[in-house]
Every structure is written in structure tokens, then in C-alpha cells.
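Engineer: The listed protein sequences derive, respectively, from chains V and U.
Add 1 to a position in the first sequence, counting from 1, and you land on the number used in our numbering.
Add 17 to a position in the second sequence, counting from 1, and you land on the number used in our numbering.
For the record, the hints were derived by calculation from the structure and aren't laboratory data.
One should not assume that every hint holds.
Stated by the list, open to error - Straight-line Cα separation of at most 27 Å, BS3-like style, residue types lysine-lysine; simulated pairs:
#1 K156/V - K73/U
#2 K140/U - K113/V
#3 K231/U - K165/V
#4 K152/V - K231/U
#5 K165/V - K124/V
#6 K165/V - K67/V
#7 K124/V - K73/U
#8 K67/V - K156/V
#9 K73/U - K180/V
#10 K113/V - K73/U
#11 K124/V - K67/V
#12 K73/U - K177/V
Unchecked claim - Partial selection, computed: residues in chain V whose CB lies under 10 Å from chain U:
#13 P42
#14 I43
#15 P46
#16 T195
Virtual Cβ for every residue (Gly too), placed ideally from N, Cα, C.
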Amino acid sequence: MAEGQVEESGTTGFWQRMQQIPRYYVYLLLAGVVVWQLLLPIRMPIVPSAATIGLYEAIKAVPDDKLIVISTDWDASTQAETGPQTTAVVNACFQLKKRFAIMNMQPPMGVKLSNDIAVELGKQYGARYGVDWANWGYKYGYGNVLMAMAKDIPKAIGDDFYGKPVTRLPMMAGVKDIKSVGLVIEITGLATMTETWIGLIQGPYQVPFASAYTAVMAPGYYPFLDSGQMKGMLVGAKGAAEMEVLVNRPGQATTIMNVQSWAHVLIIALIILGNVGYVLGRRRRQEPVR
Amino acid sequence: MNPEVLILWGAALATLGVYSILYRENPVSRLFEHIFVGLSAGYLVFTTWTQNLEGKWWNPMVQERHWYWIFAPVVGALFYFIYSRRLVWLARLVMGLFFGTAAGTFLREFFPIYSPNIYASFKSLRPTAAALAAGPGGAWSDVIIHNWIFIVILLTVMSYFFFSIPHEGPVGRNLGRTSLLGRWFLMIAFGAMFGNTVMARISLFIGRVQFLLKDWLGHYWPWFASRGF
Numbered sequence: 002m003a004e005g006q007v008e009e010s011g012t013t014g015f016w017q018r019m020q021q022i023p024r025y026y027v028y029l030l031l032a033g034v035v036v037w038q039l040l041l042p043i044r045m046p047i048v049p050s051a052a053t054i055g056l057y058e059a060i061k062a063v064p065d066d067k068l069i070v071i072s073t074d075w076d077a078s079t080q081a082e083t084g085p086q087t088t089a090v091v092n093a094c095f096q097l098k099k100r101f102a103i104m105n106m107q108p109p110m111g112v113k114l115s116n117d118i119a120v121e122l123g124k125q126y127g128a129r130y131g132v133d134w135a136n137w138g139y140k141y142g143y144g145n146v147l148m149a150m151a152k153d154i155p156k157a158i159g160d161d162f163y164g165k166p167v168t169r170l171p172m173m174a175g176v177k178d179i180k181s182v183g184l185v186i187e188i189t190g191l192a193t194m195t196e197t198w199i200g201l202i203q204g205p206y207q208v209p210f211a212s213a214y215t216a217v218m219a220p221g222y223y224p225f226l227d228s229g230q231m232k233g234m235l236v237g238a239k240g241a242a243e244m245e246v247l248v249n250r251p252g253q254a255t256t257i258m259n260v261q262s263w264a265h266v267l268i269i270a271l272i273i274l275g276n277v278g279y280v281l282g283r284r285r286r287q288e289p290v291r
Numbered sequence: 018m019n020p021e022v023l024i025l026w027g028a029a030l031a032t033l034g035v036y037s038i039l040y041r042e043n044p045v046s047r048l049f050e051h052i053f054v055g056l057s058a059g060y061l062v063f064t065t066w067t068q069n070l071e072g073k074w075w076n077p078m079v080q081e082r083h084w085y086w087i088f089a090p091v092v093g094a095l096f097y098f099i100y101s102r103r104l105v106w107l108a109r110l111v112m113g114l115f116f117g118t119a120a121g122t123f124l125r126e127f128f129p130i131y132s133p134n135i136y137a138s139f140k141s142l143r144p145t146a147a148a149l150a151a152g153p154g155g156a157w158s159d160v161i162i163h164n165w166i167f168i169v170i171l172l173t174v175m176s177y178f179f180f181s182i183p184h185e186g187p188v189g190r191n192l193g194r195t196s197l198l199g200r201w202f203l204m205i206a207f208g209a210m211f212g213n214t215v216m217a218r219i220s221l222f223i224g225r226v227q228f229l230l231k232d233w234l235g236h237y238w239p240w241f242a243s244r245g246f
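Modelling step: build the complete structure from the supplied sequences, incorporating the hints.
Structural biologist: Following this line, the structure appears as C-alpha cells:
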């Protein structure tokens, strides 16, 4: 055998194969773990984080004479995360008997999807539309909408999701400008929505602000939590599952996080196998065969 | 066929069709991708009309006789003069208006967004009892450790982005060391972000598998629907 040539031992072959697993097998393995844990789950504990508790406490602290605005800026592409987040937040509002209004600035699909969630939960809590909650609908214009809301909410919103003027909703009695809002909760998979809310509402008018993000974008927003600009934050399905623990209503997010944990175990194992194979393979290539 | 069952099958086939891209690029996956984009675009047009334009523009103009609203689409249509060499200045006029508004709004947003971030980065390395009481809580030692870690990472990462001094000589070499440390911290942060990205993608996948098992298969075999997920 020539110098520097890799020895074809059984061990080397195994580690080389570990680096070259066809991606279809990885996908199939992952799908297998997901199906297994959905059908025959082995439960793992979920402990609420400080960020999630912060959001729950912020909802709790809203005075009875003020509204909560839930800005549901998400659509079907992130529904597996933002859907359970919306469910958990709406659950908390109904449980704590806080009046809230859903609104949406982008993408417009979110207003219908979150409306379905609120209607369904409203039936379970015996809440009435227009009294305990409302849907202000999809309002195009980002910053312009917020600047208009700061001065005159009924005028800025106009009609609700069902085409009815919001001034006719009983819960809107006494609602004038942004000072009538006790908390804004932004639920989104889109960057820059938070900056718009903070820059135009939270900062200038000191309206408490909290948020729920897809896990992809959440790391970029921790500085806002640290600076106190955000009262709390839900991070992906994990945050939604933690909120479900706080409102004592385990749902879709709890299931997702349980499956997620097992999927992560598989991915970590595959990463370790791949890297050990890489290191051993490199070492073998560098060692001349005696 | 019951429309609900039709929707169920449509959603299930769309899910499987889109995921078929994991095997290889194929026309079925592309077809469902285009359907999704088309549906989203169509829904955007529909909701923009029903939730915005109808109530705020059309009805005031037609029913309340606020005739001046007719000028809104005229101004908007000026954008299309970008295709005319002779009258492109009209498009630039309206673009300038929008750029100016956007820049002004951003300027207004900038300080409320970033100044508290900057202020929060000034952390005491020897916090007093009063500062501890005003903070988010935690033992004195926890706060000290947290603040020191924060400041070290902040300074080393900022030094990584400081390109004005070459990494030579006594000062430059030390800057090189801190920037190397900063690079390591950045790598750790990127790792954490990538971990979160993996979590997000798997959450979406789990959501679709949940639908396939509980709603689709569960419609025909109740055992799947009764699994409690």
C-alpha cells in the first residue's frame, strides 16, 4: 500500500459511512421520530422561562379600563409556531378577563387565522364579540396606521373585520387614543414589525409592549427584553408551550415541544456521529500507513 | 363529495406535494408552491379591498360624495411613468414623496428603538444595593457575573468590527487577540441562532405531520385522532 493511503479497515469504513449518510435517510429518521412521538409520546417537562412569565405578568397587570392590542402579523407559513402562540395569548386574556382587540398589518392571512382561534376560544369561555374582544381587521400602512392610532383609534381603524364600524362595538366605548391601550402584544414571523411598534408607540407613548416570535428571529430581540422595552417574549413553539403551562391548558405547542425534544436528540446524535467520523477520517488521512 | 373532505384532501395532497422536494426538484412540488403563492397574492388583493380600500376610500368617495378621493389613485398611477423616458420625472416626483415620508418616519423611530438599547449596555460592574433593587432581580453574585460577561462580550465583539488599526505592534496585537475572542463569541451566538432556526423548521414540520395524522388519517381511522396530540 502506498504511503499516505487510507487504510480500509472496518472501523474507518463505518465512520466514513456515517459522514456519507444519504440525506433521504436523515429525513426518514426524523419523520419516524416525529410520528413515533406524536402517536406514542414520552412526555418531557416544560418549565416557563422568565421571558414567558414576563408576558403573562404583563397581561395580568393591564388595568380593567384599558385594552390589550394583539397584533397578529403572521400567516400559514409560520402557523405551527405563531398559531399556538396566539392561542396561548388569547387563552391568557380570556382567563384573566382582559378585553382585547386583534389587528393585523401584514401578511393579511393572519387576521382570518387568528379570528378563527379567538372565535373558537371565545365559545369555550362564553365571551361575547364586541364586548370582551374584537377584531379590528387587516390595516394596511404599517407606521402610518400606528401614528394614526396614537391620536385617534376609532378613526384610524374605521371598520372591524366584519365590516362594522368599531365605534358601534360596546367595548370601544371610552376608547380614544393610544392611552386607552394597556398592552401591545406583537405575534409575528416578520422582522421590523417590532421596531415599528417600539419606535412609534412603545417609546414615544410608554405603552407596555410584549411579543411572540418564530424561533428563527427571536435571538435578535433579546436586547429589547434586556433594555426593558419589552415586558416579555414568547420564543417559537417553546414559548407557546410555556404559556400553555402558565394558563394550565396544554395544547398544540406542548405536543410540538415534546416531539421537538426527541427530534433534537436525534439531530444531536447525528451531528456527533458526523463530526467524530470527520475527525477520525482526517486523522487517518494524515497518518502514513505502516 | 362533502366540501370539508375535499378541503382535507386538498390540504393533505398539498402538504405531501410540497414536501416531495426533499427527494428532488419536481413539477408536483413546484405546482403546489405556485398555488400557495397565487392564493396568498389573491387573498392580499381581496383583503386590501374589503378591509381597507372599500371602507376608507371607495365608500367615502361614492356614498359620502367626498369627490377629492379620486386624486388618490391618480397620484398612485404616477409611478407608472417610470416606463416613459420623457415623463419619468413624474414617477420620480411621487417616489421622492414616498422616500421623504419613509425617511422622516424612520428618523422618528430610530431614537426610541436604539437609545434604550445603548443605555442598557452600560452595566455596573460593582452594582450598589439600590441598583440591585431596581434591576430585574437575582443574587448580587449573579448580577455581577452577568454584567461582567456582558461587558467582556460587548467589548470584544465591538473590537472585532474595528478595522482602523492593523493587528501589528503592541496595541495592534492586543486588538487582534480581543477581536479573535470576539469572533469566538460571535460564532457561539450564530450557533445559538442556528439552533433556534432548526427548532423553528422542525416545529413547522411537526405541525404538518400533526395535520396529516390527526386531521387527515384521523378522519378515516379514529385511532389517529384519539392519540391526544
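Engineer: Now tell me, hint by hint, if it's right for this structure.
Structural biologist: For each hint, the structure was consulted:
Using a Cα cut-off of 27 Å, the hinted pair K156/V and K73/U holds, with the two alpha carbons roughly 10 Å apart. The suggested pairing of K140/U with K113/V is violated, with an alpha-carbon distance near 44 Å, which exceeds 27 Å. A hinted pair counts as satisfied when its Cα atoms are at most 27 Å apart, and K231/U with K165/V does not qualify at roughly 36 Å. Annotation: proposed proximity of K152/V to K231/U is violated, straight-line Cα distance about 47 Å (limit 27 Å).
Distance check on the hinted pair: K165/V and K124/V sit about 21 Å apart at the alpha-carbon level, within 27 Å; holds. Between the alpha carbons of K165/V and K67/V the distance comes to roughly 21 Å, so the proposed pair stays at or under 27 Å and holds. Annotation: proposed proximity of K124/V to K73/U is violated, straight-line Cα distance about 31 Å (limit 27 Å). Taken as a hint, the K67/V and K156/V pair is honoured in the structure, with Cα atoms around 18 Å apart against an allowance of 27 Å.
With a C-alpha separation of about 24 Å, the suggested pair K73/U and K180/V falls inside the 27 Å cut-off, and the hint holds. This hinted pair checks out: K113/V and K73/U have alpha carbons roughly 20 Å apart, not beyond 27 Å. Of the pairs offered as hints, the one joining K124/V and K67/V holds, with about 23 Å between alpha carbons and a cut-off of 27 Å not exceeded. Between the alpha carbons of K73/U and K177/V the distance comes to roughly 19 Å, so the proposed pair stays at or under 27 Å and holds.
Against a cut-off of 10 Å between C-beta atoms, the interface hint on P42/V holds, since the closest Cβ of chain U lies about 7 Å away. Below 10 Å, beta-carbon pairs count as interface contacts, and I43/V has none with chain U, the closest being about 13 Å; its hint is therefore violated. Evaluation of the P46/V hint against chain U yields a violated restraint, the C-beta minimum of about 17 Å exceeding 10 Å. Hint status for T195/V: holds, given a least beta-carbon distance of 9 Å to chain U, under 10 Å.
The earlier numbered hints that this structure contradicts are 2, 3, 4, 7, 14, 15.
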